[in-house]
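These protein sequence lines are chains B and X, in that order.
Using our numbering, read the first sequence as starting at 1 and increasing by one per residue.
Using our numbering, read the second sequence as starting at 1 and increasing by one per residue.
Don't take every hint at face value.
[Stated by the list, open to error] The calculated DSS-like cross-link candidates involving lysine-lysine, where the alpha carbons are at most 25 Å apart (straight line), are:
| id | chain 1 | residue 1 | chain 2 | residue 2 |
| --- | --- | --- | --- | --- |
| 1 | B | K25 | B | K88 |
| 2 | B | K769 | B | K790 |
| 3 | B | K602 | X | K101 |
| 4 | B | K605 | X | K100 |
| 5 | X | K65 | X | K55 |
| 6 | B | K671 | B | K731 |
| 7 | X | K55 | X | K35 |
| 8 | X | K342 | B | K498 |
| 9 | X | K100 | B | K602 |
| 10 | B | K569 | X | K342 |
| 11 | X | K101 | B | K605 |
| 12 | X | K80 | X | K9 |
| 13 | B | K756 | B | K616 |
| 14 | B | K498 | X | K195 |
| 15 | X | K36 | X | K53 |
| 16 | X | K36 | B | K602 |
| 17 | X | K342 | B | K495 |
| 18 | B | K658 | B | K602 |
| 19 | B | K497 | X | K65 |
[To be verified] Partial pick of chain B residues on the chain X-facing surface, computed with a CB cut under 7 Å:
| id | residue |
| --- | --- |
| 20 | G30 |
| 21 | S166 |
| 22 | N170 |
| 23 | S465 |
| 24 | E466 |
| 25 | R470 |
| 26 | G489 |
| 27 | I600 |
| 28 | W603 |
| 29 | S607 |
| 30 | Y674 |
What the hints contain is simulated information worked out from the structure, not anything from laboratory work.
Quick reminder that beta carbons are idealized off the backbone N, C-alpha and C, glycines included.
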Amino acid sequence: MRITYNWLKQYMDLSDVSPEMLAEKLTRGGLEVEGMEKMAQGTNLIIGHVLSCVPHPNSDHLHVCQVNTGEGVRQIVCGAPNVAAGQKVIVALPGCVLPGGEIKSGVVRGELSDGMICALFELGVDRKQLTEQQLAGIEVLPDDAPVGNRNVLEYLGLDDIIYDVSLTPNRADCLSVWALAKEVGAMLNKPVTLPDYHYECKEIPTDLIIRSETEKCPLFWGKVINKVVIKPSPKWLVQALHGAGIKAINNVVDISNYVMLETGQPLHFYDLAKIPGKEITVKQGLRETYTALDGIEYPIYEDDIMITNQGKAIGIAGIMGGDDSKIDEETHGIIIEAAHFNNVCIRNTSRRLDLNTEAATRFTKGLDPLGGRKAVERSVQLLLQLADADGIEETVLCGSEGYEPLALDASVSRINKLLGTQFGYEAVKSAFERLDFQPEKVDEDTIRCHIPSYRRDITCWQDLSEETVRLLGYENIRSTLPLMPTVQGGLPPYKRKKRVLQQMLNGFGLSEIISYSLVSRQKIDEGLLPIGEPVRIANAISEERRFFRSSLSSSMLETVSYNLARSNKEYGLFEISNVYEDGGREESHLCIAMSENTGISKWQKESRSNDFYTMKGLIYELLDRLGYDEKRLSVKPLSSSNEVLNPYKSAELYLGNKKIGVFGVVHPLCKKKYDLDDCVIGEISLTAIYEEKAGKIRFTPVNRYPAVTYDLAFICDESVSGQQIVQTVKKAAGRLLKDVEIFDIYRGSNIPEGKKSVAINIVYQSAEKTLAESDINPVHSEVIRQLTGKLHVNMRDS
Amino acid sequence: MEHNWELLKKEYADRIRETASAADLEKLRVELLGKKGTISAMMQEMKSILPEKRKEFGMAVNSLKQNVEALISERAATVKNEEMLRKMEADKIDITLPYKKYHYGTLHPLTVVQQEIEDIFVAMGYSVVEGPEVEYDLYNFEKANIPADHPSRDMQDTFYVDVERLLRTQTTAIQMRVLENQGTHLPIKVICPGKVFRRDDDDATHSHQFIQIEGLVVGEGITLGDLKGTLELLARSMFGAEREIRLRQSYFPFTEPSQEIDVSCHVCGGKGCPVCKGTGWIEILGSGMVHPNVLRTAGIDPDKYSGFALGVGVERVAMLKYGIDDIRNFYNNNIRFLEGYKRFE
Numbered sequence: 001m002r003i004t005y006n007w008l009k010q011y012m013d014l015s016d017v018s019p020e021m022l023a024e025k026l027t028r029g030g031l032e033v034e035g036m037e038k039m040a041q042g043t044n045l046i047i048g049h050v051l052s053c054v055p056h057p058n059s060d061h062l063h064v065c066q067v068n069t070g071e072g073v074r075q076i077v078c079g080a081p082n083v084a085a086g087q088k089v090i091v092a093l094p095g096c097v098l099p100g101g102e103i104k105s106g107v108v109r110g111e112l113s114d115g116m117i118c119a120l121f122e123l124g125v126d127r128k129q130l131t132e133q134q135l136a137g138i139e140v141l142p143d144d145a146p147v148g149n150r151n152v153l154e155y156l157g158l159d160d161i162i163y164d165v166s167l168t169p170n171r172a173d174c175l176s177v178w179a180l181a182k183e184v185g186a187m188l189n190k191p192v193t194l195p196d197y198h199y200e201c202k203e204i205p206t207d208l209i210i211r212s213e214t215e216k217c218p219l220f221w222g223k224v225i226n227k228v229v230i231k232p233s234p235k236w237l238v239q240a241l242h243g244a245g246i247k248a249i250n251n252v253v254d255i256s257n258y259v260m261l262e263t264g265q266p267l268h269f270y271d272l273a274k275i276p277g278k279e280i281t282v283k284q285g286l287r288e289t290y291t292a293l294d295g296i297e298y299p300i301y302e303d304d305i306m307i308t309n310q311g312k313a314i315g316i317a318g319i320m321g322g323d324d325s326k327i328d329e330e331t332h333g334i335i336i337e338a339a340h341f342n343n344v345c346i347r348n349t350s351r352r353l354d355l356n357t358e359a360a361t362r363f364t365k366g367l368d369p370l371g372g373r374k375a376v377e378r379s380v381q382l383l384l385q386l387a388d389a390d391g392i393e394e395t396v397l398c399g400s401e402g403y404e405p406l407a408l409d410a411s412v413s414r415i416n417k418l419l420g421t422q423f424g425y426e427a428v429k430s431a432f433e434r435l436d437f438q439p440e441k442v443d444e445d446t447i448r449c450h451i452p453s454y455r456r457d458i459t460c461w462q463d464l465s466e467e468t469v470r471l472l473g474y475e476n477i478r479s480t481l482p483l484m485p486t487v488q489g490g491l492p493p494y495k496r497k498k499r500v501l502q503q504m505l506n507g508f509g510l511s512e513i514i515s516y517s518l519v520s521r522q523k524i525d526e527g528l529l530p531i532g533e534p535v536r537i538a539n540a541i542s543e544e545r546r547f548f549r550s551s552l553s554s555s556m557l558e559t560v561s562y563n564l565a566r567s568n569k570e571y572g573l574f575e576i577s578n579v580y581e582d583g584g585r586e587e588s589h590l591c592i593a594m595s596e597n598t599g600i601s602k603w604q605k606e607s608r609s610n611d612f613y614t615m616k617g618l619i620y621e622l623l624d625r626l627g628y629d630e631k632r633l634s635v636k637p638l639s640s641s642n643e644v645l646n647p648y649k650s651a652e653l654y655l656g657n658k659k660i661g662v663f664g665v666v667h668p669l670c671k672k673k674y675d676l677d678d679c680v681i682g683e684i685s686l687t688a689i690y691e692e693k694a695g696k697i698r699f700t701p702v703n704r705y706p707a708v709t710y711d712l713a714f715i716c717d718e719s720v721s722g723q724q725i726v727q728t729v730k731k732a733a734g735r736l737l738k739d740v741e742i743f744d745i746y747r748g749s750n751i752p753e754g755k756k757s758v759a760i761n762i763v764y765q766s767a768e769k770t771l772a773e774s775d776i777n778p779v780h781s782e783v784i785r786q787l788t789g790k791l792h793v794n795m796r797d798s
Numbered sequence: 001m002e003h004n005w006e007l008l009k010k011e012y013a014d015r016i017r018e019t020a021s022a023a024d025l026e027k028l029r030v031e032l033l034g035k036k037g038t039i040s041a042m043m044q045e046m047k048s049i050l051p052e053k054r055k056e057f058g059m060a061v062n063s064l065k066q067n068v069e070a071l072i073s074e075r076a077a078t079v080k081n082e083e084m085l086r087k088m089e090a091d092k093i094d095i096t097l098p099y100k101k102y103h104y105g106t107l108h109p110l111t112v113v114q115q116e117i118e119d120i121f122v123a124m125g126y127s128v129v130e131g132p133e134v135e136y137d138l139y140n141f142e143k144a145n146i147p148a149d150h151p152s153r154d155m156q157d158t159f160y161v162d163v164e165r166l167l168r169t170q171t172t173a174i175q176m177r178v179l180e181n182q183g184t185h186l187p188i189k190v191i192c193p194g195k196v197f198r199r200d201d202d203d204a205t206h207s208h209q210f211i212q213i214e215g216l217v218v219g220e221g222i223t224l225g226d227l228k229g230t231l232e233l234l235a236r237s238m239f240g241a242e243r244e245i246r247l248r249q250s251y252f253p254f255t256e257p258s259q260e261i262d263v264s265c266h267v268c269g270g271k272g273c274p275v276c277k278g279t280g281w282i283e284i285l286g287s288g289m290v291h292p293n294v295l296r297t298a299g300i301d302p303d304k305y306s307g308f309a310l311g312v313g314v315e316r317v318a319m320l321k322y323g324i325d326d327i328r329n330f331y332n333n334n335i336r337f338l339e340g341y342k343r344f345e
């Protein structure tokens, strides 16, 4: 909502309130001033008279003018095509500061130029408010403009300040300047005098027919004015509209806009001659293409509320009138419309057609139920004044205002109890008085408020408490902390675990990322651990953000690719975020990615290569910390192939029989597609893990007896897996086995094709005694026997 | 044979002291104490000494021998130590050469801020509660006193999944779930952090995805003063002990009265600077007393109980705290950006 300082000044005494103070007061009271700008600016301006104007000898478009400023005659070079001798013009004297810079005397192509003749936009006037003629050249003032007058902005009516007030949805009433003025008066504690809009005039009977065939138009005021004279609006009206950001057109159209601004009630004026039969019907259910008064064709659907005449559409209700019946130079009589339309319908239509008119905004946000009558009366009054209105027929009302006055009782003690304040009865009452709530004393604690029709936001005593505190001042509230029984707070277990994970991952050198949850179909399809059909956004901004992700890995690869493209070649990243599936399941996933190498120091050429086993070790350690022993974990080859992971260097991770994750080295195709290095990536479902019981810490005495270590080396088929070897050793060794680990795999010379050499380390230990050879030998022999027997390995001589 | 014992003692002591290496010392030891050494030879002399002088002579030789032995072992320790020191010196390193990298990962700056806020409230006894990001209209709007035709639905452009489901536009949805679950088991004292989504085009100050944290307290006798005090505490914890706050009337459908909260600028201290656009104040929070309709919906008697709610945007706080000028930085995840926030503050 745009409002000017001068407009508000008409209604109250602002002599002791500077424009800046006013802005501050409005903002603190809930009418946030988002912008404040001068309507026009310029120092050192003067009104001049162009005595002569001749073409510049060295230019085909410049003119050399002699201009009398009342203080002498100056030569000014002017480039405007419309400059001519005899004009009264705005002269910027040397030293004048305009929005575009300072004006200085100078020589323009050999001719002295001692100032500038100005166009309005050069003074910073909003270009949207200017005609094409004004935009194309200098401003030509009326012949009676006082030459030598230095108060040029005041003369132009442009010495004003425009406030851009951001209104919260509950204060749509302030889309009316009158309501806004009352609000400002209440905030400043100043009396407000609004214009008296009653008029004296004999009205004649009417045969206007107004019908509403839809409940979406519960109220329609109509009135015929048989005679109006179309002419330009007076300067004050043009300036007022200008301040509000509305372009002046002619007196009648300008009145409809001005009254809408004043009362908040949108109006539409129809050309009487274009409404045959003086009949207007509001209806829904049309489906057609309609040309509005902006000349553009709009598709109309059944839900749109339309104004019709004899079955023919003449306006999109509440949004824009029609081209056929608009007011123009030929108009001699009008029909006034002041109606109420359903806000949701108007919002839907205005959004669909992308027509955000001033009227639509007001309908959408809700109107003063009594505003229609007010607006009609005010219009007639102004039409009488400014458009020589005559032949004024009686007003027709279709529907009813359906307005019940609201009286609310406010208990001062309850208000104080809610606010934590000690406002006195009289203070609270005075606040209500300032707001024009006509407070009445009910008893020592209770005040009855009569809520004005336009304050539809006030519905309960809590609303009155807000009115109280915003007028009496928030600084009266003493800061306290809630006094209540102590309750145990804290993080839920899964959030505590998340923090532990974050810490551990940080410890491993990995940094956290947070990426967008909305992704494309392609990214969904590339997800490594999707939990089901993804959630599809019906009204997505773009296909890039069409789905809520069901797996994190695609976003991670995108992030990796983004960083590699910026030469961040070494990285270790993780993200913990929620993923969703359409059936309603939500899971928390962890995704990790590491570059193929992590440098430790350049000058010693030390680095760590990150491969499948790095990722495996990292995930196993994380899970161990969370209470899931590696004994419960196993890996299997990918159950289905994809183009993200190299199937020969990747695995699915199982906790017991449940798949909880997948990890591995990226597929060469994926590497190429996203311009990646040979990175490793993994994703696990924390939710799936937490659903399983975690192991607890149990006390086990530190073993006092020495461990005995054996190394074994053997040759076996390539097809024998590490897991098979370890399982075989475990089974054969039984209770005495403390640990078994593969520490080397060798292929190459001396090893036949299709075979590999494996070295393992076996540790035996007992909790009861020091093991003797006689204890170990039978066990170790059994290990060798089973490896040989079951896995067909050939022991190498040690 | 006559010996000047004192002179010998001194001579040997000098010679022992002058040895520079373990090898020299060993050579000297053999010369003096070895089987064919000087002192052993003196022992041999005993036989040719007059019996009455033998005792005296024996004692003198023994004393000399013990003295030499003690000095040699002492010298041996010293020499060994000196040799070690020489060897160490030869192994001297250039301490100005580069170090080996220890890389501790970083938390995302939004996580840092979120945890900080969570911890402030947890310390005051608040529980942290989260909720689904794919949410029902019921919790995001209906229960929050925003029926279908409510104009404030325009305030937040929403991503819809279908008629009932949407991506939550505000963590208020979690509060509504807390109210539904906890209902009349008062008091309620929670904060609800989480991602929210708005159908905005991404630019320097708008993001279709961002993180909010909302707080909710419901109990008997909760006042706007309690809210003000809590907000003051939060502002001072986040932006410094000298911060002041001011309340500005505003509007949220689920609170009444409602206020925006401005915090005195942490950069200029309130004098006015580009960060606060010259006003001395920065808007960081929305808040208010829980609307009676919201309490009633949860089965709580608004005449008996009251509550407050507050909400803060994590990105906004992080941007102000660290002077970040473009919200998209948080979601691009450039490592060089992320690692700029690794210091403990």
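Structure-inconsistent hints, enumerated in ascending order: The structure conflicts with hints 1, 2, 6, 16, 18, 19, 21, 29, 30, although it agrees with all the remaining ones.
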